[in-house]
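Chemist: Those sequence lines, one after another, are chains A and B.
My numbering applies: residue 571 is where the first sequence begins, and numbers increase by one.
My numbering applies: residue 95 is where the second sequence begins, and numbers increase by one.
Bear in mind the hints are in silico, worked out from the structure with no lab data behind them.
Note that CB positions come from ideal geometry on N, CA and C, so glycine has one too.
Check each hint, because a few of them may be wrong.
[To be verified] Which residues of chain A face chain B? A partial, calculated answer using Cβ under 10 Å:
(1) 657
(2) 659
(3) 661
(4) 819
(5) 821
(6) 882
(7) 955
(8) 957
(9) 959
(10) 979
(11) 981
[As the list claims (entries may be wrong)] 27 Å max Cα-Cα, derived DSS-like pairs, lysine-lysine:
(12) A:758 x B:273
(13) B:273 x A:832
(14) A:834 x B:405
(15) A:758 x A:807
(16) A:833 x B:273
(17) A:901 x A:931
(18) A:834 x B:273
(19) B:405 x A:807
(20) A:665 x A:631
(21) A:812 x B:273
(22) A:755 x A:733
(23) A:832 x B:405
(24) A:751 x A:807
(25) A:869 x A:800
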Amino acid sequence: MPTSRTLGAATAACAAVLLAVTGCSSNSGFDSSAPKQSSSGPQSLSVMIATSGDAETAAVKEATAAWAQQTGNKVTVQLASDINQQLGQAFAGNKPPDVFYVNSDQFANYAKGGSLYAYGDQISDASAFSSTLRDSFSYNGKLVCLPKDSSTLGLAINTTLWKQAGLTAADYPTTWDQLAKDAAKLTKGGVTGLVTTPDYQRLGALMKEAGGWITNSDQTTMTADSAANKQALDFVKSMMAKGSLKYASDVDAGWGGEALGKKKAAMTIEGNWLSGAMKADFPSVDYTVVPLPAGPAGKGTLVFSNCWGVAAKSGHQKAAVDLVRYLTSAKQQLAFGDAFGVMPSRTDALASYAQKYPDAKAWVEGIDYAQRPVTIAGFNQVLTQFNTDLQSLRSTSPAQILGSLQRNGGQVLGNAR
Amino acid sequence: MPDSALLGTPAAAGSHRPAAATRRRPVRDRIRQGAWGWLFVTPMVLVLGLFMALPILMALWVSLLHWDGQSNPFTGNVDFVGLRNYRDLIGTDGLTRTLFATSLRNTAYYVLLTVPLQTVLALGLAIAVNQRLLRGRGAARTVFYFPSVTSSIAVSTVFLFLFQGSGSVNRMLSWVGVKGPNWFADPRGVVWLVLGNLGITDRDHPGGALARHGVLGLSWADWFSGPSVAMCTLILLSVWTTSGTFMLIFLAALQGIPRTLEEAAALDGVNRRQLLRHVTLPALRPVLFLVLTLGLIATWQVFDQVYVMGKGAPGNTTLTPAYLSYSSGFDNADFGHGAAIAFLLLAIILPLAGLQRWVLRERGTKRTRKGARARG
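Start from the sequences and build out the full structure, keeping to the hints where you can.
Modeler: Laid out in structure tokens, this is it:
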């Protein structure tokens, strides 16, 4: 008897507390109705960024401070060490920052969850941004957020090793055959012809060059198990078998840039973030960047970007959009380019960037034929698994890897409907 | 346990009060006593309820939802999916199930190797530093305890450097003519690696026929692959970091063993091994249970080393349920699956702890109970 009474009391107490807390939370914790907008007087905005380093932090702080001074508002910049986790927590806790970086792999999740304020229709000159990037950050046909910058992949070549192998600038590969031949020539001693990381963010470019990609162009069906994709992975595997292509971890490097800098790689496939890293870590290494060699279906590369998200639950949306407009202006994008080497996402600014930085020509030109990243809600796990499978490309068949990608992705697409 | 018997004594005495007293103020007395009792435990009940029971119930609710973490899961308009998250994890063929099975496989090997190793090492260290004749005992204790007070993130980072392909460990191995693997980039399971090197199985197609069939979306060849080379370094790391803490627990227990016991054993003419087997270990049984239980729970929940050292790489062989739960939630915006993984993990840990308690139960119960009563 006493036991059952105690149990009853405990259950009742638990239930009461549960009701109280969840009751509270539905009143204030998670309010799904539109937030009250404050539009008069100086506003205090919080900006959350995932920074690539001190240079980026300083540049963003400087730019937001300049805007704050110009408009009389106040901006605090928060640095996120794990932005997915911190934003997820902030959304669930109903206290998101007003403006934040949105990674393209999380974009669809946030847009589907209704956390992003779609301000694309308020940007009068939205057409100045690269159309591929605008597509990347559109959800249900509406431009949700503006791309912050852009990055494409190119083939970075160590020119010293290139000359030592008896090659000249005329030999820079423009086709897969030449790439394979050059890589074989460059592979000797501790040097591997081509070193890259085992992920679709690099090898995917070859899939594009072969005429394939993970999904169709409007991301409604999987096209992973196409013959073109298989051809691309077969090509990678054939180079691997000859020893002229290795993954970065096989040569004790974290990524292609490190392998290039440590002279373990004569060539690597990397984006324009490479220039900043080489300047900082390996200033004495001479290298040049050429467009990725064309495959059977022509040229191909991948484009990456983050966008400036504005929280649907922000109480300062008007000011936040104004801040984004300032940060994505041609002048400011070029300033960011000077500070930490990113390429502008506006086509007009990109032209001036190309003039100013002729070394980045290959990357800049890539924008025209680049494939945008996959932005499907809940797709992260599928792509992570694809990357994991690519690690063991040496010992598994491309058909098997692509088949499981096709199956896994199909399941996510099927569930989404 | 003798302790619970001791705790039970006062209550038992209370119920045996003289019948006359109970009859004089029967109800009021009991109510008052109960009220005071409740008053005293209220703060703890509130704290436990608010910070433990309640979040657990909330997580249980989330595990029944398809929730992206961006709305209130406690309103009417949630996507209630019942047991679908659990079905995805153990029933429906798909990526979710394969990943979960892989994480279970990895962690099972991790637990199976880490728990015994760290317990034996900790016990050995404790016995060593408990020797009265050992010089510099204090220094030795500090040294052995040091890894435990260091942040696991820092230790993991140091290990990353030590175990690089051209890192210190491989350089040391090369002195004795061994070419070490590229530890953290090596997804091969050690079972197939060893069997392959011995020429028993085919190196490129390990497992043979076992690779064609399987359970939970993972072939038998994968289940029996053993921990990968990368996972072995994780095991080494956790044994190294946790044995200090457990050494301390064993040491405290060793110092609690009455000297008279050892002296009596010495009079009986036992050697050191017999002393350990028949005197020390039985006296340490409750502590052994504690250490094994703590080890078991901690190892099934391993997260931070995985987060730092590769997030499941290479080849998902260091993926653990705790990390998978995190990445399902925060990377894949599927908190329902994440919560369901946590509860499945609970469903694994609880029976294991129960089983272990049963294995380590007090045998010869009669004598112990009599002893406890005499002490009480």
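Chemist: Which hints, by number, does the structure contradict?
Modeler: Of the numbered hints given earlier, the structure breaks none, since each of them holds.
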